[in-house]
Amino acid sequence: MTLALAPAGLLAASVQHSLVRLSGVDIAVIAIYFGIVIYIGFYLKGSSNTSEEFFMAGREMTAWIAGLSFVSANLGSLELMGWAGSAYQYGILATHWYWIGAIPAMLFLGIVMMPFYYISRTHSVPGYLHLRYGDGTRALSAICFALMTVLMSGINMFAMAVVMKVVLGWNLSFSIWVSSITVAIYVALGGLRSAIFNEVLQFLLIWLGALLIPILGLVECGGWTNLKHQIATRLGTTDYTHLWSTTAHFKDNPMGIHWTGIVFGLGIVISFGYWTTDFLVVQRVLSAHNLRAARMSPIIGAAFKMCVPFIVILPGLLALSVLPVHLVPANVAAATGQHSYNEVLPLMLVRYCGPGLLGLGVTALIAGFMSGMAGNVSAFATVWTYDIYGAFLNRKASDSHYVAMGRWCTFIGVLISVGTAYIVQHAASIMDYVQALFSFFIAPLFGTVILGMLWKRATKAGGFWGLLAGTCTAIGLWVWVHFNPAALRYVALSPDAKVMAEDMYRALWSWLVCVIVTVVVSLMTQPRPESELEGLVYGATKLPEEHDDHWYQKPIVWASVIAVVFIGLNIIFW
Amino acid sequence: MRGHTSIWFFSGILLLCYGLLITATGLWELVHPPAVEPVLWQLHAPIWWGGMMTAGGLFYTIRFRSHH
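Note that the protein sequences, when read in sequence, are chains A and B.
Residue 1 is where the first sequence starts when you use this note's numbering, and the numbers rise one by one after that.
Residue 575 is where the second sequence starts when you use this note's numbering, and the numbers rise one by one after that.
Certain hints may be false.
Covered by chain B, per the in silico footprint, the following chain A stretches (three or more residues, Cβ under 8 Å) [claimed, not checked]:
| # | segment |
| --- | --- |
| 1 | 25-39 |
| 2 | 203-215 |
| 3 | 352-360 |
| 4 | 364-376 |
Hints are computed from structural coordinates only; laboratory data are not their basis.
Built from N, CA and C at the ideal position, the CB exists for glycine as well.
Work out the full structure, taking the sequences as your base and the hints as a guide.
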């Protein structure tokens, strides 16, 4: 969801020798992975001949596959390594990005929003905006999404190459071209189905490769209670192992964050914006084979998402206790040659894993990178073909023409990503701007989509101007703080706030502006007749009755179970 | 998915290959200990972790193999 890694700094910090020395067995493990993903691409080529098959995986996915793919599309290696580093830096507070920053939104998507996405038979989130608000809103969201997605893919590609250089000593261009050519082959051949298959494999690999670290780490520390004592003794504070009790004031916790920012900025706006409107993840759920599967997919994803801190946050906390070296920020590491926070996961991998297991861990990282890239590229191809090319440039082409366009788009998307990766290599600051730009768009988009789904009175003009005003607000606030850091006290409500707190409050304000402008403009303009809103809006849509044979087949039952576990975990680690 | 080999079959194959490879490496290391031992090497993680992967891989490969 958010990249905490600083690849440019990491590159500068790279030492002459790599962290990991691979054996023949490790190379074999990596080679087997590449062989299987390319084979899957060729195997699935024959089943991606129509646009519905290529872009929507034929809408044949079961709840489990769509659910794993849904959570896996977000579980990139940068995400894992970045948040493990954040756990080392900020303690257990980093868990908020996996729990309150994901679980409520995923359950909301499954229970409330999915019926409208699914019943409308839309191919994409901009496609839904077209049905609900018309071409203007669709064009704005599609162009922003396509541009940002392909640029983000390039940034991730560069970051991956940097990590491979630091961890394995691989040449940057070698990593970029091998991974991008592989991804281009299997996505262009098999479309979304191929991307989803590989995401499921990646999910398995990440767990298999990373799970040993917390298991062996807890054995070494003597359990969770001992780990907490050891961290408190080593750092002289217990702040690193509490989720909420230190968030009453910005100064009381290592992250410089307040609980209102976590709950409203992260838990409501950023999280709901990302998990319910970012087409990269929503596309996976739209591929489900029926409405029940589509509703269960995010709920299954939420269950797995809730477990991810065990393989990401816990290794960061374990490193605070067991690593003999002290890790430092990337810029300090660049100057001193020490290890940076972002290297915590590879360092823990090397600590516990010998030949074979080491290869498995490295393969998990590579798989994570490639899967993230495939997710970006497949979403880009869909939005470009359906919502830009097919909607505005060539409306009357044949189905096979659109499939061909999708395949070409995959290659072009990969090439643009490669180009971005090389540009970023020479101008690292571009990366920060693009990441910030991407985040600008998500929060207001959530305001536009949720009002469109839940409020019949929202009009075409309201949707368009609300989205535009919200996006401009986010950009304006960012520019304001960028050129005048003192403005932080107004944007984030405190001069003590840090970067992550600023992100959350900026998202909150941009969402509020989007909602207010949408409401005001809608009330001033002519509403659409209710008959046109059938299948798009709550109150104007008759939801199909689901005939579940047993109580345990109902999505609401499992969403309730996940919600109870989620609340329990927050209380346990309070 | 109609007419396709299941993704779970591919997952099983991958698990099986990795499980066998890692277990074999673990057994080899029993006889030829590495020059630099990882922390907790005495627990022989490659053997039991690789063994579990092999068992899981076998199950998924057989359970989801194509019948046509």
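Hint-by-hint comparison with the structure:
For a cut-off of 8 Å, the count of residues in the segment 25-39 of chain A with a CB near a CB of chain B stands at 6, and the three-residue condition holds. As drawn, the segment 203-215 of chain A meets chain B at 4 residues by the rule of a beta-carbon pair under 8 Å; at three or more, the given contact holds. Counting residues of the segment 352-360 of chain A whose C-beta lies closer than 8 Å to any C-beta of chain B gives 7; at least three are required, and the coverage claim holds. Beta-carbon proximity to chain B at under 8 Å applies to 0 residues in the segment 364-376 of chain A; the threshold of 3 is not reached and the given coverage is violated.
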